[in-house]
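Just remember that our numbering sits 246 ahead of the position in the sequence shown, which is counted from 1.
To be clear, the hints were calculated from the coordinates, so they are not data collected in a lab. Some hints could be false.
Said to hold, decoys possible - Only pairs whose alpha carbons sit at most 20 Å apart, straight line, appear in this in silico EDC-like list of lysine to aspartate or glutamate:
no.	residue 1	residue 2
1	Lys475	Asp511
2	Lys420	Glu287
3	Lys550	Glu522
4	Lys475	Glu287
5	Lys462	Glu423
6	Lys550	Glu449
7	Lys556	Asp545
8	Lys462	Asp493
9	Lys333	Glu287
10	Lys550	Glu508
11	Lys556	Asp493
12	Lys529	Asp511
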Amino acid sequence: MLRPTLQERQVCMKKPTMMKILFLGCALAFLMQTRAFAERETMGIASVRPTQAIIAGANRSGSRLSLDRVMQSMNGQLADRINATRKFQIVARNDLDDIVKEQEFAHSGNVSADDSTAAKQFKISGIKYLLVATIDDFQDYNELATFKKTGRTATKRVIRLSCIGKIYDTTTGKLLESANFQISNKDISENKTYSTRDGDLNEALLVGIARKMADKIAQRMTDVIFPPKVLSKRDNRITINRGDETDIASGQIWDIFAVGDELIDPDTNESLGREEILVGKVKIVNILPKVSTAEIIEDHGIDKGAIVRKAQ
Numbered sequence: 247m248l249r250p251t252l253q254e255r256q257v258c259m260k261k262p263t264m265m266k267i268l269f270l271g272c273a274l275a276f277l278m279q280t281r282a283f284a285e286r287e288t289m290g291i292a293s294v295r296p297t298q299a300i301i302a303g304a305n306r307s308g309s310r311l312s313l314d315r316v317m318q319s320m321n322g323q324l325a326d327r328i329n330a331t332r333k334f335q336i337v338a339r340n341d342l343d344d345i346v347k348e349q350e351f352a353h354s355g356n357v358s359a360d361d362s363t364a365a366k367q368f369k370i371s372g373i374k375y376l377l378v379a380t381i382d383d384f385q386d387y388n389e390l391a392t393f394k395k396t397g398r399t400a401t402k403r404v405i406r407l408s409c410i411g412k413i414y415d416t417t418t419g420k421l422l423e424s425a426n427f428q429i430s431n432k433d434i435s436e437n438k439t440y441s442t443r444d445g446d447l448n449e450a451l452l453v454g455i456a457r458k459m460a461d462k463i464a465q466r467m468t469d470v471i472f473p474p475k476v477l478s479k480r481d482n483r484i485t486i487n488r489g490d491e492t493d494i495a496s497g498q499i500w501d502i503f504a505v506g507d508e509l510i511d512p513d514t515n516e517s518l519g520r521e522e523i524l525v526g527k528v529k530i531v532n533i534l535p536k537v538s539t540a541e542i543i544e545d546h547g548i549d550k551g552a553i554v555r556k557a558q
């Protein structure tokens, strides 16, 4: 009977060892990725809804199909844009619409803000924050323009969309932020050139305006919970924890604020956040997938951890 040589036995011993190392490496990478994902704050996104007045107006004007298409697109776009911030774990819940109704009731004045049990209405298992977007204005119409010199006409498609974005802390029942966003998307096309492409153009315009609105809401709500910050400072450059897929762009001017003491409302004893002191200005020069670098324009004490906000 032939016995394996020493070299053959060593090869056989190495194979399972290499396989184990590869398996352990993959498992470790997976666990690290899972842990990082699990450490994100969780957010639920309620279905985008129009007010009853907007629904009635769209039915009268014949733009209900356009309104429905914008809502459908925004529902998908909001989840995509929130996820692209890399700050939240999106949690799907089938009962979010019912929860939103409870929250609206809690803020209707029929529930005392001092009632410690009021927050129970807002608590959702597995969700820290809840984003609610409501369409409060929608217009979709065509304007016909005639060019006297050429005698040609052009149709201007006008779409106007306005949304109220609200974000709640479900553990306390508090409304953290409420903001109104408006977008007007216009497209001018000569009748003759695009007479056979109206359907395609209409679809592109509706999806485009929904995408822009979702991006505005996602960026604002993310900045409320996780304002951009200075990660490092070296010479006349800083690194910011915002990259592509956000509203940051090369050439933008951003203000830098040092974080001061907590501000307490003397009437309600409610925390109003922390004091922010302007300590510098920077110009965005390079954008990477997860971070961006900026050139310092003014420096009155810029340091790591300072908050960064786009200059108004």
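Quick rundown of the hints versus the structure:
1. Lys475 x Asp511: violated (25 Å)
2. Lys420 x Glu287: Measuring from Cα to Cα gives roughly 16 Å; hence the hint holds.
3. Lys550 x Glu522: Cα-Cα ~14 Å, so holds.
4. Lys475 x Glu287: Given that 20 Å is the threshold and the Cα spacing comes to 17 Å, the pair holds.
5. Lys462 x Glu423: Answer holds: Lys462 to Glu423 is near 14 Å, not above 20 Å.
6. Lys550 x Glu449: Roughly 45 Å separates the two Cα atoms, so the pair is violated.
7. Lys556 x Asp545: holds (16 Å)
8. Lys462 x Asp493: Within the cut-off at roughly 8 Å; holds.
9. Lys333 x Glu287: Within the cut-off at roughly 7 Å; holds.
10. Lys550 x Glu508: The given pair, whose Cα atoms are some 19 Å apart, holds under the 20 Å limit.
11. Lys556 x Asp493: holds (10 Å)
12. Lys529 x Asp511: Distance ~34 Å between Lys529 and Asp511 Cα, so the pair is violated.
Hint compliance for this structure: hints 1, 6 and 12 are broken, all remaining hints hold.
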